[in-house]
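Protein chains: 2
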Amino acid sequence: MPPGKALIGQSGGPTSVINQSLVGLIEGCRAADPIRGVLGAVHGIAGILEDRLIDLGRESTETLEGVAVTPCAALRSVRKKPTREECERVLAAFQRHEVRAFFYIGGNDSAETAHILNELALEQAYDVRLFHVPKTIDNDLCVTDHCPGYGSAARFVGSAFMGDNQDNRSLPGIKIDIVMGRHAGWLTAASVLARQHDDDGPHLVYVPERIFDLDAFLGDVDRVYTRHGRCLVAASEGIHLADGKPLIESTETDSHGNVQLSGSGALGDFLAAEIKARLGSNLRVRADTFGYLQRSFAGYASPVDAREAREVGRAAARMATAGELAHGSVIIEREEGEEYRSRVGVTALENVAQHTRTLDEEYLLGDNDIAPAFLDYVAPLAGEMPRTARLSDFPLGG
Amino acid sequence: MPPGKALIGQSGGPTSVINQSLVGLIEGCRAADPIRGVLGAVHGIAGILEDRLIDLGRESTETLEGVAVTPCAALRSVRKKPTREECERVLAAFQRHEVRAFFYIGGNDSAETAHILNELALEQAYDVRLFHVPKTIDNDLCVTDHCPGYGSAARFVGSAFMGDNQDNRSLPGIKIDIVMGRHAGWLTAASVLARQHDDDGPHLVYVPERIFDLDAFLGDVDRVYTRHGRCLVAASEGIHLADGKPLIESTETDSHGNVQLSGSGALGDFLAAEIKARLGSNLRVRADTFGYLQRSFAGYASPVDAREAREVGRAAARMATAGELAHGSVIIEREEGEEYRSRVGVTALENVAQHTRTLDEEYLLGDNDIAPAFLDYVAPLAGEMPRTARLSDFPLGG
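Residue numbers (my numbering), protein chains in the order written: chain U, 1035 to 1432; chain W, 1035 to 1432.
Think of the hints as simulated: they come from the structure by calculation, not from any bench. It should be emphasised that the depicted structure is a prediction, and the values quoted were computed from it without experimental measurement. Among the clues, some could well be false.
Computed, partial: chain W to chain U, Cβ under 7 Å [claimed, not checked]:
1) Leu1313
2) Asp1322
3) Tyr1326
4) Ala1332
By construction, the Cβ of each residue, glycine as well, lies at the ideal position given by its N, Cα and C atoms.
Whenever a hint applies, use it, and build me the whole structure from the sequences.
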């Protein structure tokens, strides 16, 4: 790359480890010869358009290490799909600030933004490296084995279900927990990390990859409740009917056209009300919607996830400055072998932009459960989980 | 006490450390000379009535240590206020099984049950030790400085707000988080553990100790949002209007007459809808209801809380068998001094039964905030919290 500045932005919903990638990028850019300064865009693409840029090169190691373990976007984030005219203004800002490498940390919407900027830069023959650095708790990016941010969210969801399974066993009833994920069930599937004993919940798992049928759901709940005297349900916020419509309608969308599903307890409350109406009003039915805690809870990140998030940032800086590639999306590849190992790679921006990777078919079990193979996939990403134990329930006089 | 068996039950909503008290009791009872066996009642008082008793004396140390770190009631819990006739049947069960010491781990409802049983035992001249062992995330028991279970819940709530404050800073908007607590604001107040920088949320804290006024609330939110460009609100599920009525009506009650407030997102959704209706429909407003995770999340207990919960169990066994007291409720006293230290004590059952300790007046600041003194109270109980850091936002060309 020609000598110049690096610019970093963060975009989309936060994760627990998105700042690890930011700090990895800053480290990598500082160490790279052609880079003559590291800038940050406050609130991503919006900050570039408003010229809200800050100097990241002057941050102390102490501050950066503190930022790295702080959840959510230290640069602050944005949900914005730039128009063609806005992309042209972004390119102009790159030229004005002598930016020769732009790194956008985000999901598939951010990859799309990087892709559009790259096409425009090629048209205008402006030489700039454009890299997408992946993050999403949804784990729904293509090509990569998994996404930084997912392991920590999976760890949170697994621990939440582990506790709630004990809660449901203490005070039996029907409990529904709504997990983030509008199109992909990866995070909801992580609820099975909670299972340690034969009858541990979640007993039923519903993901957007399957059509949700209310009658079938009520039948499932009734069957589990009859068998175990209790029932713990995991359901994605994005579960939908056969016509693709969500169970609960919302009219709020962002500029990418994504419908607001989080930040409301409506879906869980609706399912709980249906159970009471159809299976018995005297049943003890509760619903919790895990909400933003899944992506932002402080102090409970997965160590593997934190390490990998840092490494994808460092790797992106290396790739951009090594001169082999002008643009791309960083991916994580899982190595073969018993013990979990990963390495960082890269793919073309268009392979990631706008695409969504849903839960692999092999990880689904029927319409309401997750296959055992999924545990091999998710366990190393979430890191070591708490262990639970039960009393032996020895009879008297034994 | 006369030689005989000990019987242990767990009651009410679970906590992360209620099993520490159970294991402390088992340890203490096993070591006490007059105790000739340790029984457990499955589902508390209901298990005694149904003769669902198990032998706790045969559990291995390995199992007990595993149980101790497992959240929620390993003996399984119950929400049941026994009638007079049922109390007589419980006494009969004590006699049948030669129970000379009964320990009920629970909140003020459980203290009331122990108190009623004690009165009846005195009437019938049946010699039995009756002890209440405190647990509640609500921290609303009288006499004791704080309740086992509260520190871990406070830790969870503090970390949740710490993350959500970063989330709210990343993607600004108005965010409402509903915290458990129907009559007392202790747990909601713990949200202030999240504040580390000047403009950190929660910016507004609403507890049941104050009358909730919807117009004042909307004015508060508007003012904070205008000032900071964002607003993070902590509100107890039990906030209520001047006439004492909750904002959201529910018809479901337990046999103690407690109204169901948890397990629904209705209050948060209502407040979010009011903000959009009155302050602007284009505002980004979200609500999360933390729900059962506050009392059951696995792997994130406060170490101090876990240690104290264990110790109140051990102490109850000591008190019951030492011969000085026939009945009582175990309390925790905070010692004077810079460094946090506590010791275990005891008070009469009637001082705890049915009473509710609301948040001390000195910990309240106006109608919508918590006084700094409260941090000194809660911080040692929650244990060391995660640290967050921010970028310095250095200007360009500095």
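Can you verify the interface hint for Leu1313 (chain W): is its Cβ closer than 7 Å to any Cβ in chain U? Since the shortest Cβ distance to chain U is 15 Å, the answer is violated.
Given a cut of 7 Å on the nearest C-beta pair, is the interface hint for Asp1322 (chain W) held or broken against chain U? Given a least distance of 3 Å, the restraint on Asp1322 (chain W) holds.
Using Cβ atoms only, decide whether Tyr1326 (chain W) comes closer than 7 Å to chain U, and label the hint accordingly. With Cβ-Cβ at 5 Å, under 7 Å, it holds.
Closest C-beta approach of Ala1332 (chain W) to chain U relative to 7 Å, hint status: 4 Å, holds
Violation of the numbered hints given earlier is confined to hint 1; every other hint is satisfied by the structure.
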